[in-house]
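Novice: Given only the sequences and the hints, what does the whole structure look like? Please build it.
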Amino acid sequence: MRLAVDIGGTFTDLTAVDETGSVFHAKRLTTNDDHSRGVAQCADEAGVDLANAERFLHGSTIAINTVIQRDGAATALITTSGFRDVYEIGRSNRPDAYNLLFERPVPLVPREWRFEVDERLDAKGCILKPLDEAAVRGVAARLADSDIEAVAIVLLHAYANPAHEIRVGEILAEACPGVHVSMSHAILREFREYERTSTTVLNAYVAPVVDRYLGQIEAMLSRSEFDRAFLVMQSNGGAMSVVQARDRPVATMESGPVAGVIGAGRLGQLIGHPNVIAFDMGGTTAKTSLVIDGDAPVVTGYHIGGPVTGHPMMLPVVDIVEIGAGGGSIAWIDPAGALKVGPQSAGASPGPVCYGLGGSEPTVTDANLVLGRLRPDGFLGGRMTLDGDAAESAIREKIADPLGLSVEAAARGILTVVDTRMSLAVREVSVAKGHDARDFALVASGGAGPLHAVSVARELSIPKVIVPSFPGTFSAHGMLLADLRHDYVQTMVSPLRDVDPATLNDGYRALERDGVETLATEGLGDDDAVLTRSMDLRYQGQEYTLPVPVPAGALDTPAVERIARTFHDVHRARYAQSAPGESIELVNLRLRAVGKIAGTMATGTAGRELRAREIRERTVVFGEDGPIACPLIERSSLGLGDLVEGPALIEEPVSTTVLHPGTVARVADCDALVIEVDTA
Amino acid sequence: MKTEAAEIDPVTLEVVRSALVAYADEMAAALCATAYNMMIFEVRDYCVGIVGTDIGIVAQNTGGLPIFLADLGAAIQGGVAEYGLGGFDEGDVVVSNDPVVCGQHLNNVVVFTPFVYDGVVRAFPAVRAHWVDIGGSSRGFGSMAAREIYEEGLQICGIKVYKKGEPNDEALRLIRDNIRFPDSSFGDLRGQIAACRLGERRLRELYDRWGPDTVAACIAASWDHDERLARAAISRLPDGDYEAESFLDHDYVDRDRKVPVPVKVTIAGETMTIDLSGLPPQVKGPINSGVSGGIAAARVAFKCVTLPHAPVTEGGFRPLSVVLPPGTFLSAQKPAALGGWSLSLPTVIDTILRALAPALPERITAGHKGDMSGYALYGHDAERGRPFINMNIFGGGWGAKPHGDGESAVVSVCQGNVRNAPVEVQEAYYPVFIEHHELRTDSGGPGRERGGLGVELAVRGKQDLFFNSQFQRTRMPPWGLAGGHEAAPNEAFVVEQDGGKRNVVQVSDHRVSPSELVVMRTGGGGGFGAPHERAADRVAEDVRRGYVSVEAAKAAYGVVVDPETFAVDDEATRTLRGMHDAANAGEATDAD
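Same order as they appear, the protein sequences are chains V and U.
Numbered according to the numbering used here, the first sequence spans residues 3 to 682.
Numbered according to the numbering used here, the second sequence spans residues 3 to 594.
Take the hints with a grain of salt, since some may be wrong.
Said to hold, decoys possible - Only pairs whose alpha carbons sit at most 20 Å apart, straight line, appear in this in silico SDA-like list of lysine to any residue:
| # | chain 1 | residue 1 | chain 2 | residue 2 |
| --- | --- | --- | --- | --- |
| 1 | U | LYS266 | U | LEU239 |
| 2 | V | LYS126 | U | GLU385 |
| 3 | V | LYS342 | U | ALA312 |
Derived by calculation from the structure, the hints in this document are not laboratory data.
Nothing here was measured: the structure is a model prediction, and the numbers come from that model.
Specialist: Set out below in structure tokens:
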């Protein structure tokens with residue numbers, strides 16, 4: 003049996019698949035005092051025995067929430083003399099350009115805990131000034147005498163030569179045992195001192211927290227007599243060993259959301275749609291990402307906590323666009339009379355008005371209820387009753403009356419606005435990057451995803467929507483489909499035609515050695531490792547680079563020329579222009595090391611008996627024609643090949659799929675609903 | 003444009019207006035990713051928009067350079083005046099840095115294309131970007147020695163470099179032959195054209211989906227909407243006339259004479275008038291701008307106090323009137339030199355905001371570093387065997403807030419998302435060595451809320467090279483508000499081999515040898531409220547962090563802090579602050 007657990011801010015989700023293909027699910031409240039308790043409760047609820055598991059995969063939002071809530075470790079920073087303020091100066095930009103009262107990111111390490119040591123390298127890594135080890139010992143003594151739990155070491159140009167960072171690390175390890183040490187070259191071998199500093203500090207800042215909770219889970223697993231592989235999801239879409247994760251927790255920041263993207267890609271492949279757009283909509287945010295041939299696109303770097311006041315993190319991360327639009331998003335009218343939805347959310351508490359928990363602002367969920375798309379007594383499998391009258395009066399009072407609309411028109415307007423915002427996010431990952439959305443299928447997950455997916459698909463002329471089985475715990479399911487994966491980079495700035503192929507071969511060999519060694523520590527043999535090379539290239543004079551695939555094996559001059567030609571093509575495809583006459587510059591060698599361990603997607607139907615089909619009738623508003631009667635069908639009563647024509651609602655415990663008129667849903671392999679969207 | 007807003011439902015309106023902004027952002031992202039010069043990809047000195055046929059801004063990229071606020075239209079207006087609306091064909095590409103209509107330094111090159119739908123020109127996608135060179139007597143940005151526009155480079159006034167999709171090779175060759183780094187600039191030109199084409203494609207999708215009438219009605223309605231928002235914001239401010247005055251160092255010719263900047267702002271009901279008619283006549287040196295510079299300054303200040311978070315459209319500026327007769331240094335006439343056209347703008351904006359402080363006591367910050375320039379180092383790179391130009395800009399202190407310290411090390415009010423160049427990038431590409439880049443202790447203006455800190459950056463050439471700088475506001479420090487003190491001003495000097503110093507705040511083509519260190523210090527932000535009202539423990543915390551020295555804590559704040567333990571000496575502090583208060587009381591009595 004393989005098990006995956008996704009620990010989110012509110013819920014802990016578990017998915018397990020056994021050898022027969024049977025799937026087990028559980029959803030429990032997250033236990034913040036000791037996360038292992040929620041995991042154990044999930045295992046109980048799902049009825050799985052951890053001792054029988056052969057693999058335990060895990061993703062969480064704990065690292066990222068530690069940063070956002072600023073409750074990480076007491077952290078110090080050691081830099082080259084003259085540069086301790088780089089971390090606070092940052093790039094000096096003000097994205098919030100017209101706000102006179104703007105606020106900058108507050109450093110995670112205050113200035114009094116930033117220390118300078120004499121040493122200096124140049125951009126090629128040559129030592130201009132040797133390391134003043136006595137000064138390092140002085141700093142180490144101070145740290146040993148303090149309550150500092152973690153130290154980040156970031157020396158200028160250490161990406162080119164890590165010798166000084168390594169030496170500082172050794173001295174610290176000796177003088178301050180028990181203190182976590184993060185060295186920049188071990189996290190990111192790329193230039194740009196501020197971004198590398200921020201990434202390294204983030205690693206140090208979350209390391210003790212992540213170490214503690216992973217330790218708790220390890221202890222719980224060991225009590226349950228689980229003694230097999232414990233793997234943690236990374237933001238790059240791959241998994242790594244728990245040992246690696248405790249060392250490089252910064253790589254796990256987005257480990258929850260990416261799993262949903264992996265799952266969407268794999269599900270698409272299995273049912274004949276290799277190109278999909280993953281679309282996950284929960285209570286407060288919607289997330290979307292585009293997957294081609296099952297591969298989630300990975301970008302380098304983003305800001306944790308948002309682009310305005312967030313902290314840059316430069317490791318590869320699956321390209322996910324996230325916006326504040328979810329079931330709890332609040333509808334409001336701006337001072338000039340325009341209807342807006344979000345980004346403020348009523349969250350889980352007080353929640354939408356219809357929860358009856360004290361919420362007074364109308365939300366997306368309230369609009370869905372008023373239009374009949376949610377059933378008042380069917381929410382969360384009937385565990386919660388929704389108050390339709392309260393939702394209606396809130397929409398009337400706050401939206402309909404002020405805009406001079408009927409309640410129904412106001413509720414439709416709320417859904418149209420939120421669907422438009424989500425469409426723009428989907429657009430950003432697809433059309434805006436040159437992909438035609440008509441070539442994709444939209445995979446809808448999260449509690450609210452299936453409610454809105456058809457509208458979003460129509461807005462962008464996406465012809466198909468896929469709703470996986472158990473959309474509410476889809477991220478955990480996605481983890482079971484991840485491989486081990488490590489990304490490596492080496493900055494090597496030079497005109498491409500001037501680089502000796504032997505230098506390239508040496509560079510790649512060194513990266514490959516790192517990759518194979520790391521995978522070996524995770525129990526993988528050389529033969530199971532898949533190594534993929536690429537180069538970051540640009541036209542001489544440009545700054546931003548494009549990744550270009552590089553073949554395996556020894557490179558010679560003709561091979562390098564072929565790479566150059568590929569670059570021109572890639573540039574033209576991406577930006578509609580290229581300059582074949584111009585010189586190309588190499589910036590980075592990159593290597594991706596993948597250990598193939600992924601399981602296959604469970605069909606979800608093994609050993610399951612279909613429930614008897616019971617069709618009830620509902621009155622639902624879809625468009626401007628007002629309420630129409632349509633059937634409500636339980637998803638558990640649908641089997642492979644079954645067809646449902648819209649208008650209809652397909653209900654399951656944590657979600658409802660809305661089939662608009664003109665759509666047809668069919669139950670495909672893996673128990674997925676494939677909806678043909680009439681986009682005419 | 004007469005509005006038919008009533009016919010557009012709020013939902014369609016939201017769909018169309020969101021799409022238009024998304025298009026501008028998408029064009030900007032493509033430009034930035036393919037750019038060839040640091041002024042675009044690092045510094046983000048560009049502006050992308052969709053301009054209506056009536057020259058109003060339909061949509062502009064978010065996070066762009068504030069001083070390019072809604073002034074892209076001017077360049078297109080020049081093109082329309084030249085060719086007439088009927089004079090554009092699909093596939094045309096127009097290039098312009100026309101000093102008369104754009105009013106900016108010639109390096110800012112606008113590229114625009116007509117978006118033709120059903121045979122009619124409907125809008126113009128447009129991209130302004132800072133080319134690394136435009137010919138003329140100086141590199142990077144305009145020479146401080148220029149007296150006329152003719153010395154500042156090539157003037158390209160609405161030239162079609164593509165006609166119906168075919169390149170105009172002669173025009174392109176003329177441009178190529180007159181600039182110093184043609185590969186770089188033509189690479190950027192390619193990116194600008196591709197971004198405009200992308201804009202055309204997206205607009206076509208939008209028009210296909212909704213039809214020209216609905217799109218036009220949505221644009222009109224969104225302008226009306228923004229206008230209503232702006233009017234509502236102004237109506238919350240107390241009516242009245244508000245005035246302030248500051249001054250610039252000099253005009254770069256007569257270096258002993260300051261250039262006064264008097265402004266008057268009138269708030270009347272739902273409208274605001276910014277009167278710049280008191281500005282002195284155009285000056286001999288290159289700090290003039292065309293009228294669009296003065297309007298941009300007024301618009302930035304206006305936006306900061308009305309709709310700081312709304313997308314930029316023409317409608318949001320309808321309630322603003324700017325009084326700026328021709329012939330002042332911000333409404334200069336040809337052949338005024340414009341090379342430093344933007345240097346005065348941070349001060350002008352700061353002064354407008356200062357005037358408004360009594361009207362918005364909770365939202366106006368104290369004066370900021372008031373300067374947008376950085377440095378350019380250039381020469382022939384001996385090791386790499388090629389000419390180079392290394393440009394960078396700085397952060398400095400922001401003014402203290404009414405309820406919070408000013409932010410440190412940020413770019414000026416004109417620069418928004420502009421960013422500094424990393425030390426590692428500069429050292430990897432250019433023969434320079436940066437000795438330190440750090441916060442400048444005691445540069446923030448003392449106050450109950452402390453002003454932000456400026457930075458100090460010290461750079462040395464690995465070989466002989468040339469240095470350009472354009473610091474402003476070295477004589478009028480960033481001011482405090484509500485009893486807050488002023489901050490340290492900008493300064494720059496070269497430390498010579500023998501330890502001597504020479505001032506280099508405003509130099510062009512200044513030779514520096516490897517034995518010399520160029521030290522640049524940016525100003526802090528002014529303080530807010532009396533420094534003696536700052537809690538002693540906050541002062542001690544600043545001392546612990548090294549933002550404020552032990553000496554300044556005592557002298558400016560009246561707080562005695564132990565240099566080892568950073569503990570406050572309560573008794574000494576009480577005595578010191580008591581003496582100060584007594585002296586103040588005495589002054590107050592005298593004044594009565």
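Novice: Please list, smallest to largest, the hint numbers that this structure does not respect.
Specialist: none
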